[in-house]
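As you go down the protein sequences, you meet chains A and B in turn.
Residue 293 in this note's numbering is what sits at position 244 of the first sequence, and the numbering runs on without skipping anything.
Residue 397 in this note's numbering is what sits at position 372 of the second sequence, and the numbering runs on without skipping anything.
Do not rely on the hints blindly, as some may be mistaken.
Unchecked claim - Calculated pairs, DSSO-like style, for lysine-lysine (alpha carbon to alpha carbon, straight line, at most 30 Å): (1) A:K56 to B:K222; (2) B:K101 to B:K138; (3) A:K154 to A:K254; (4) A:K231 to A:K254; (5) A:K325 to B:K297; (6) A:K81 to B:K173.
What the hints contain is simulated information worked out from the structure, not anything from laboratory work.
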Amino acid sequence: MKSDLTKILETKLIREPDVFYFKLDSPAIARKAKPGQFVIIRLNEQGERIPLSLADINPDEGTISLIVMAVGKTTAEFVELKTGDDISDVCGPLGQPTHIEKLGKVIVSGGGFGVAPLFPIARAFKAAGNEVVCVMGARSSDLLIYEDEMQTVCDRVLVTTDDGSKGTKGVVTVALEEELKKGDTDLVICVGPAIMMKFVAFTTKNYNVKTMVSLNPIMVDGSGMCGACRVSVGGETKFACTDGPEFDGHQVDWDLLMSRQKMYLSEEKESFEAWKARHAHMLETS
Amino acid sequence: MAEERKRRKLIPNRTPIPEQDPIKRGSNFKEVSLGYTTEQALEEAERCIRCAKPQCVKGCPVGVQIGDFIGLVQEKDFQGAINKIKETNILPAVCGRVCPQEDQCEKLCVVGKKFEPVAIGRLERFVADWERDHGQKTKPKVAKSTGKTVAIVGSGPAGVTAASDLAQLGHKVTVFEALHEPGGVLLYGIPEFRLPKAIVAEEIAGLTDLGVDIQTNAVVGKLMTVDELMEDFDAVFIGSGAGLPNFMGIDGENLNGVYSANEFLTRTNLMKAYDFPKFDTPITVGDRVAVVGGGNVAMDSVRTALRLGAEEAIIVYRRSDAELPARAEEVHHAHEETIRFELLTSPTKIIGEDGWVKAIECIRMELGEPDDSGRRRPVPIKGSEFQIPVNVVVMSIGTGANPLVPQSTKNLDLNKWGYIVADEETGRTSREGIYAGGDIVTGSATVILAMGAGRKAAGDIHRYLLGEPEPEVETAAEVKNQP
Chain A
50 MKSDLTKILE
60 TKLIREPDVF
70 YFKLDSPAIA
80 RKAKPGQFVI
90 IRLNEQGERI
100 PLSLADINPD
110 EGTISLIVMA
120 VGKTTAEFVE
130 LKTGDDISDV
140 CGPLGQPTHI
150 EKLGKVIVSG
160 GGFGVAPLFP
170 IARAFKAAGN
180 EVVCVMGARS
190 SDLLIYEDEM
200 QTVCDRVLVT
210 TDDGSKGTKG
220 VVTVALEEEL
230 KKGDTDLVIC
240 VGPAIMMKFV
250 AFTTKNYNVK
260 TMVSLNPIMV
270 DGSGMCGACR
280 VSVGGETKFA
290 CTDGPEFDGH
300 QVDWDLLMSR
310 QKMYLSEEKE
320 SFEAWKARHA
330 HMLETS
Chain B
26 MAEERKRRKL
36 IPNRTPIPEQ
46 DPIKRGSNFK
56 EVSLGYTTEQ
66 ALEEAERCIR
76 CAKPQCVKGC
86 PVGVQIGDFI
96 GLVQEKDFQG
106 AINKIKETNI
116 LPAVCGRVCP
126 QEDQCEKLCV
136 VGKKFEPVAI
146 GRLERFVADW
156 ERDHGQKTKP
166 KVAKSTGKTV
176 AIVGSGPAGV
186 TAASDLAQLG
196 HKVTVFEALH
206 EPGGVLLYGI
216 PEFRLPKAIV
226 AEEIAGLTDL
236 GVDIQTNAVV
246 GKLMTVDELM
256 EDFDAVFIGS
266 GAGLPNFMGI
276 DGENLNGVYS
286 ANEFLTRTNL
296 MKAYDFPKFD
306 TPITVGDRVA
316 VVGGGNVAMD
326 SVRTALRLGA
336 EEAIIVYRRS
346 DAELPARAEE
356 VHHAHEETIR
366 FELLTSPTKI
376 IGEDGWVKAI
386 ECIRMELGEP
396 DDSGRRRPVP
406 IKGSEFQIPV
416 NVVVMSIGTG
426 ANPLVPQSTK
436 NLDLNKWGYI
446 VADEETGRTS
456 REGIYAGGDI
466 VTGSATVILA
476 MGAGRKAAGD
486 IHRYLLGEPE
496 PEVETAAEVK
506 NQP
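With the rest of the complex left out, here is chain B (with noise of 0.2 Å):
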């Protein structure tokens, strides 16, 4: 069959998956993509060509099986298809909309070496979406009872990975979330129109389904602190996320209308203030909003700023084009949906009047000598300031880290940044049966860089919890694809 593939001529470019119109879009939180139907879905699956030696799979953090699952979509076996990938990742319609793929599995697609590579992630998506609407889904085996107990810090990527894996293999895990809904950062950071809230839902649920108990509004560190877990359960995994926003230190930073990146998609998202008044939680609208940062989160605060109702809606980033860290499609995304951008830009201050935001005082930059990033260093031109007037500003500039677990933990090394020093391959703290991943241990990264640290430090603390050895065989988790 291999064989027969090979001889039929590859179509170079991948299939196209239809979205919503760009400018419609830009008015409703509707999802953006709309996913492929299944003649496109076996169209593009077509394009893989079942190499002898796959590289895509050296590109997954989580050591999803493309080849196979992409053979099964080939077979039109849909279900084995989802069950594939369910065997390495718990949460695939969420991987399949918001990993980027583009810098991982794609990456390394043999076929893109000639061609555009096979839209590996749209696929995911596909089967994730395909089950979920055909209603089949299948539970996934779990071990017979170890009798050890997980407690895990935060539902986000990182600690609904590492539940699920610990749950599967027998181990009582109780997940403790700070927030009212379970599901972290997937739920009050990533916006409905690049991952409905419904799917999230629906992937926690799957959790709950392998008898994980899930605590909310139970912060860690206040209600709690991991010593005090300690005492109750076997290991400890935190994967507490996020933290304390960054602001620049310039002048006006705490004016009215003047957001973290954080907050602005909190309140939109988590606590749906696109909704307002029939959700309580308000959010101000300004009809000028201007974005500072070039992340994935200032993609994301930009078009929802644009989707709550701007009139102008604007990225202020200090390097150029080629620089911005988002994923290019979410770059495409906003210029399709008419976002400005400010390149080599950088603020210096924000204007206010009576307390309001009225406009943000910006340098014109030029990019000088590489620094230590290796990245031109954006260097401000003398006597280019301009205004330009706004009436709100999110400071999307990543975030630190959150004091509440590092300061309540008795022995536990951070790093010089607040950060908890954790092994990059198993997880393990200075502290035995203490496990960190995610944005704790890495600082601001991406959902699917979270789930391996959850996978990882899963396997290890399997191990440490039935006193095994190393294992020899190399699993999933084993994969070794971090530079």
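Pulled out of the complex, with its shape left as it was, chain A reads as follows (with noise of 0.2 Å):
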């Protein structure tokens, strides 16, 4: 009865075990999309409905690309799909653009594989005249993501990790603040997991630098219309979805963001068990 499935034309590991590359065939939202926004995928009928940031965008290949890692039953049933399988839905582009502008020294700052969404939104202020300069962290080394690709966009990559594996030793916003500290920095952009994009709003709010965030809170439908990622900005409850995803960070009410995101944890673990425990029978069985 569909007819509107997505079509997987490529998919990657790019980190073990489980951090994955899927390049969709969507030629109608690659012409539209641009950096800083997301789509709603749901994989089949039983699916939820998920956002995820769009990674890349290419509309004269008519593809955009998502990263995905496997933390809970959608995810890892998203990266067990090879090339050729198809997602029942695929709906976006979602959300507002990053402004893009020239403005001088733009530093985007990601964390684990929030990495991904930033290469689209460097290569856009790289293309607009900026100095961009990156700054990723992890825990250690083999977690980092998205190095080489955000080298071909940016003018320099500052690694950090907790371990002292590559680059500085310590969090991002070691590495960011040294950055900070020349005074040249007209704007920062954050996308990475809470936690770490709140510690960047505060690093940055003491060098009185203007800091976006691209939050991500629980969605369902995307489009305005049922209020399920309804965060606090300023004081003032605002849609992640039509209003957003990115917002000043220095506004951000990041103890509800992060309360807001622990809504459905017990669920979301009994449905992981159970699909782990179905998996596994079926592996066995196979």
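Quick one: dock chain against chain with the hints and give me the complex.
In structure tokens form, the structure reads like this:
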């Protein structure tokens, strides 16, 4: 009955064991999507709708790319998909695009697999004539992703690792602060886990540098109908799907965001465990 | 024959409709109302006197020829009856279930002046269900292709009705739906126990049979703009529906466990969270759930909460019983299902613990002088604050305009609330060739009013596309019944 399945054109394991790159055949979305936007996907008839940031947009090729890390049932199911498989629903582009303009020096900062959505953003700022510096961090060098890709669109890429296995030892804010101290940064864009964005925003506040963060609350429809994604920015309730996902990081109520992200923790665990049990059985019998 | 009917003594009360036991149904999502049997339908149809000047049809926003279809029921020509309805109503099984007939056709029924009005809605539902059960679906006639194309934004009641009418008139229609399945509010909003989704799917399938192309996951305003649609189509109808949910602006509204009615119902209906973990989407099932509001959506939410397993589900409404905007039938069903009503009560804050809802603090109200709406204004009684311990709160206090289409369309006139300004009789907006109707024009209203708006716009779009003058003959679309 469904006529709008989306085909997976390419899959790639980009970080052991569970972070994958997907390229989707999605010409209509690719034509309209801008850096900073997201899509909502639903894998199958029983599936939930989850938002995923765009890791790349290629309008000429008619493709969009996503980076998916298996952290729960839906993402674990997602990373098992192969080239040639179909996704039931891909809806987008959603949210407001990143505001790209020539400012001077822009720092893009990311952690974990949040670095991926920074790629098209960094490329756009570079194309607009900015000096673009990437500050990316991970716990350890083997957890870093997209370093090579970022090298291609940034003037400099600064790496931090918690264990010192690569780049500066410490968290991203250590390297970020060094860069901010130079006093020539016009804008910081940060994408990553909420806790990391929170500390980046705290750091940049001391230097009074405008900081846009890409919030990732729970969503359902993603098009301004349900209100699941409400966040508090500057004391005002906003809907991340239509007002965001990017907001002024200095105004965000981080504790609220992190609390709301945990709303279904026990259900997510239940669902994931049930899937793993079924999955183990399937692997045994196949 | 009509003479003969008049002579027969009229039964003053309408034939009751069988329903699921109130307590049993509180724990399942099956339909509450079971529908008339053939005998019951015939008995009820006999109550229609086929009056010379029927008033009922004037109350129908889509102009269903009510007397004619009931006459055919009296003659046991059920196929004829459903065909008669379908001449003007593409969603009879839906309308027979969710229309507020008591405020429309049945309110004007001549029998109703003296006795209980004829149960028109129940009869409409009966013949629609009869057709589905007997598998003799007749395909509506489609006119010769006009070569004109129309884009419809949204597949809810307004869009579906406009699409159906325009397709039957010979235009090539494409519907753009933002969600992954068509149906709009019929699918995500109205619960299964009031409107089974299989029925919605079947009525939507009727559209595909007419040659209408439905594109899902197509968010107009994002994937394409209305201006872009105008390049590819000869006309556009916007029926994008309700928008962002309203909140009260009180403390604690962003705590975990606080939902908008839209989210609560979408998770349950569209995403089937009641069947978690078979379906992936979860929902927090509170032991004690407070639903703030008194409309149909509030009744749907509170009764959904009960079915999801709440031990106690409570309506919190600031006015009194008499002002409840929900249909009397829904309020009655809610009472039967042991829903608790805290009337003349308004929330003042939501109290949380560790990020989760723990209680809702309310204040008692009394009715003062009438306000702009003509209803007596509720006034807080000082010092009457009290707490209701709950772990889920559902805010069902209406919606605002969805910004996606209005913000992305050039020179489209909006009113001060952000709704699209459109002519009530034709659906015309400030832009030539662009029409709008349903909740995106009126704000939250009913399924049938949205359908009426879709029909009126379709009539005008047809004339616009063919360059025809305004018609003189009165058609269903011209029936003026709006206050």
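Hint check against the structure, violated hint numbers in rising order: none
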